[in-house]
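Asks: Given chain A's structure and the hints, the job is docking chain B onto it.
Given next are the chains, with one letter for each unit.
Number of protein chains: 2
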Amino acid sequence: MPEFLKLIPVKQALQILLSQIQVNAIAERIDTLTALGRVTAESIRSSLPLPPFPRSTVDGYAVRAADTFGASESLPAYLRVIGEIQMGSSPGFAINPGETGLIHTGGMLPESSNAVVMIEYTQPVGGDTVEILHSVAVGENIIKVGEDVQAGQEVIPYGVRIRPAEIGGLAALGILEIVVAKKPIVGIISSGDEIISPDGKLLPGQVRDVNSYSLSALLDQTGAIPKRYGVFPDQEDTIHSICSRALDECDMLVITAGSSASARDLTARVIIKLGSPGVLVHGVNIKPGKPTILAICNDKVVIGLPGNPVSALVIAGLFVVPVVETLLGLTKVGFHPKFWARLTTNIPSQAGREDWVAASLIIDNEGYQVDPIFSKSNLIFSLVRANSMVRVPADATGLSAGERVEVYLLT
Amino acid sequence: MPEFLKLIPVKQALQILLSQIQVNAIAERIDTLTALGRVTAESIRSSLPLPPFPRSTVDGYAVRAADTFGASESLPAYLRVIGEIQMGSSPGFAINPGETGLIHTGGMLPESSNAVVMIEYTQPVGGDTVEILHSVAVGENIIKVGEDVQAGQEVIPYGVRIRPAEIGGLAALGILEIVVAKKPIVGIISSGDEIISPDGKLLPGQVRDVNSYSLSALLDQTGAIPKRYGVFPDQEDTIHSICSRALDECDMLVITAGSSASARDLTARVIIKLGSPGVLVHGVNIKPGKPTILAICNDKVVIGLPGNPVSALVIAGLFVVPVVETLLGLTKVGFHPKFWARLTTNIPSQAGREDWVAASLIIDNEGYQVDPIFSKSNLIFSLVRANSMVRVPADATGLSAGERVEVYLLT
Numbered sequence: 002m003p004e005f006l007k008l009i010p011v012k013q014a015l016q017i018l019l020s021q022i023q024v025n026a027i028a029e030r031i032d033t034l035t036a037l038g039r040v041t042a043e044s045i046r047s048s049l050p051l052p053p054f055p056r057s058t059v060d061g062y063a064v065r066a067a068d069t070f071g072a073s074e075s076l077p078a079y080l081r082v083i084g085e086i087q088m089g090s091s092p093g094f095a096i097n098p099g100e101t102g103l104i105h106t107g108g109m110l111p112e113s114s115n116a117v118v119m120i121e122y123t124q125p126v127g128g129d130t131v132e133i134l135h136s137v138a139v140g141e142n143i144i145k146v147g148e149d150v151q152a153g154q155e156v157i158p159y160g161v162r163i164r165p166a167e168i169g170g171l172a173a174l175g176i177l178e179i180v181v182a183k184k185p186i187v188g189i190i191s192s193g194d195e196i197i198s199p200d201g202k203l204l205p206g207q208v209r210d211v212n213s214y215s216l217s218a219l220l221d222q223t224g225a226i227p228k229r230y231g232v233f234p235d236q237e238d239t240i241h242s243i244c245s246r247a248l249d250e251c252d253m254l255v256i257t258a259g260s261s262a263s264a265r266d267l268t269a270r271v272i273i274k275l276g277s278p279g280v281l282v283h284g285v286n287i288k289p290g291k292p293t294i295l296a297i298c299n300d301k302v303v304i305g306l307p308g309n310p311v312s313a314l315v316i317a318g319l320f321v322v323p324v325v326e327t328l329l330g331l332t333k334v335g336f337h338p339k340f341w342a343r344l345t346t347n348i349p350s351q352a353g354r355e356d357w358v359a360a361s362l363i364i365d366n367e368g369y370q371v372d373p374i375f376s377k378s379n380l381i382f383s384l385v386r387a388n389s390m391v392r393v394p395a396d397a398t399g400l401s402a403g404e405r406v407e408v409y410l411l412t
Numbered sequence: 002m003p004e005f006l007k008l009i010p011v012k013q014a015l016q017i018l019l020s021q022i023q024v025n026a027i028a029e030r031i032d033t034l035t036a037l038g039r040v041t042a043e044s045i046r047s048s049l050p051l052p053p054f055p056r057s058t059v060d061g062y063a064v065r066a067a068d069t070f071g072a073s074e075s076l077p078a079y080l081r082v083i084g085e086i087q088m089g090s091s092p093g094f095a096i097n098p099g100e101t102g103l104i105h106t107g108g109m110l111p112e113s114s115n116a117v118v119m120i121e122y123t124q125p126v127g128g129d130t131v132e133i134l135h136s137v138a139v140g141e142n143i144i145k146v147g148e149d150v151q152a153g154q155e156v157i158p159y160g161v162r163i164r165p166a167e168i169g170g171l172a173a174l175g176i177l178e179i180v181v182a183k184k185p186i187v188g189i190i191s192s193g194d195e196i197i198s199p200d201g202k203l204l205p206g207q208v209r210d211v212n213s214y215s216l217s218a219l220l221d222q223t224g225a226i227p228k229r230y231g232v233f234p235d236q237e238d239t240i241h242s243i244c245s246r247a248l249d250e251c252d253m254l255v256i257t258a259g260s261s262a263s264a265r266d267l268t269a270r271v272i273i274k275l276g277s278p279g280v281l282v283h284g285v286n287i288k289p290g291k292p293t294i295l296a297i298c299n300d301k302v303v304i305g306l307p308g309n310p311v312s313a314l315v316i317a318g319l320f321v322v323p324v325v326e327t328l329l330g331l332t333k334v335g336f337h338p339k340f341w342a343r344l345t346t347n348i349p350s351q352a353g354r355e356d357w358v359a360a361s362l363i364i365d366n367e368g369y370q371v372d373p374i375f376s377k378s379n380l381i382f383s384l385v386r387a388n389s390m391v392r393v394p395a396d397a398t399g400l401s402a403g404e405r406v407e408v409y410l411l412t
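Read top to bottom, the protein sequences are chains A and B.
So for the first sequence, my numbering puts the first residue at 2; every next one is plus one.
So for the second sequence, my numbering puts the first residue at 2; every next one is plus one.
Hint data in this document are derived by calculation from the structure and do not stem from the laboratory.
Positions of the beta carbon are idealized from the N, C-alpha and C atoms, including for glycine.
Careful, some of the hints might be misleading.
[Claimed, not checked] Computed footprint of chain B on chain A, listed as stretches where at least three residues anywhere in the stretch have a Cβ under 8 angstroms from a Cβ of chain B:
#1 86 to 95
#2 146 to 155
#3 171 to 181
#4 206 to 213
#5 307 to 319
Extracted from the complex, chain A is given alone in its bound form:
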């Protein structure tokens, strides 16, 4: 099979793949408290306003604002204190003209009051009278009913990843269960005559399986459930049979080939036979990771990753992660914020090809600087030593020291 007849640019390859897949329709209802990192599968609305009653934002006196107009230190207003509003309960009285009530931060405003004078601007003057030394406007120092959220308002849209703030907001509304996207199950199959399981004893010429484990962690981090099928020799029948089974059992499939060219060809042949429409992209214009295969077989995404560990992890970040995010229904697919940093050393590259180089991003007084870690692409510890990756755009013939370049954190 002719490999790489036409290398597709990274962005275009991703678009070809993403344009043909749909959100995983399966959702599940879970406890809000366990929802950290999950993605909402429906719009969440509040049935009540928040706050549900007008609250004071300060310690002070609840007033009718009109009663304070013109009040100043030299010419105070005098109001009659008719009570104290207890925290957590209804005031039990209304404020008539000339009256006020002592209120605490977060307390419920009494009926007919419409502002609060801060305690610092008041002075008790004996009996039940308080001096008001400062005027307040209507609405001053209060939060109105529904000022945070109105009844019926959408509070969290569909397709949002839940953070601590969302969990807090849902607790505030008493929404204790939410509907989230079910985690897609992603099958991982490693092939390669030279590859053994990490717990095996190495014989000469053998290496341990790295990709099943680094990819499992990446999938876990992205919100999928990795399902490792193990390591298989480069035999077409064997690989085809395990891939067929995995495709049935999973929502998506990732195959990492052995490192030789014949092993890569074998992966392509297996994917073609797995189902239609089959291979969409074979060969991406990127280093590392040129032999990447992007396919859809029987409505499920199948990705063939290069065998070497660095290429596999870089390509998984660029293609597997966005697919998982799309399956989850995340509305901001691929929003992985970039940094601009001053490059410390020239990075050579071939024009027309996008390069990704492991790097160390450091903050200094002038902003960020980034130091590339040059290494052969099969050395997994070059990524362990890196905290970021520099992207060399396809139209650049290398990047020069001192240039501001694009950097992405490796998390």
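Replies: Just chain B now, kept in the frame of chain A:
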């Protein structure tokens, strides 16, 4: 008790606290495969070199480099092919002068060979002879033994958070168990007469507990185990007794006060009685979050957070997260990378005080721009709507539209 006699700057307050705490000495041995996000509690070294044998990085012919010197398309070298190196096994032959062996990417170099000629630069010419159309230098197209990792080398230092790359690297070395810091247990106690559990029915004047839940999620995200004790009324004896119990049961304690000034005073009084040395900082020069209390009681950190949900989450990000990271032994405490973005709207602020403003960070053609979300600090949904926070430094009297300002992602 006089509150806020002296407001301490944010950075200084954190230093005061961190300088007095030590890494949680407790470590545990876990499966490497479950170690994502955990922090190494000892230096990890490799007992073997990686790769353990010299490997080819291309498909081609393993040669003695000297045999190819001067070879070109017009004047090829001729070598005798004595075999093919099977993937995953020892070649079983050595390369004598004038000989070569077919090798695949990742294959083990035969003895006495020291370079590989890419298949593209070779041409079989019948029998067992191959034309070499290009010379190679010693070491070309091979990875030497130990080029990724040398035997005995430290591969992951102490105090590193495990990412997919580390898991891959450990798999490559066959290191299936590692020693990581035990997750610290952090007790969370909410106080406030007005606060009820999220599953309760709201009466007038009551609000639901937000902080126990948003803080639990934040702690979970940071690598701690949150332990929620529930909501308690603002009674000194009650709060003291539950705090004493929680301090015994946990590695650290976070107390969120009711919103009134008297509830905050009560938290301070309780913390003072919990153990020595007691309160280190009471009052931080920040908005939101001025009433923050930082304390150490019986060698455990106790943090009193402001009651309002936004202040609580912002202050927890600035103080609780770095403490947890320190307890975990993370060597890069508080490396939460910042962005610089063009501000869209003026942010007013008081000189001398550090302000944190919820915001929306957007990427455009010129880089990042950031749009502040102005809101009263008790409105939790202002954080739900935000993806970031703008920091207004203490020495600024506000920030102006168009300025490049510091932004931190809200994750």
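Asks: None of the hints should be skipped; say for each whether it holds.
Replies: Here's how the hints hold up against the structure:
Judged by the Cβ-Cβ criterion of 8 angstroms, the segment 86 to 95 of chain A is covered by chain B as claimed, because 7 of its residues qualify and three suffice. Coverage of a stretch by a chain is defined here by at least three residues with a beta carbon nearer than 8 angstroms to that chain's beta carbons; for the segment 146 to 155 of chain A and chain B the count is 3, and the condition holds. Look at the segment 171 to 181 of chain A against chain B: 6 of its residues bring a Cβ nearer than 8 angstroms to a Cβ of that chain, three or more, so the hint holds. Coverage of the segment 206 to 213 of chain A by chain B holds in this model, with 8 residues showing a Cβ closer than 8 angstroms to a Cβ of that chain against a need of three.
Coverage of a stretch by a chain is defined here by at least three residues with a beta carbon nearer than 8 angstroms to that chain's beta carbons; for the segment 307 to 319 of chain A and chain B the count is 4, and the condition holds.
Against the hints set out earlier in the document, no violation occurs for any number.
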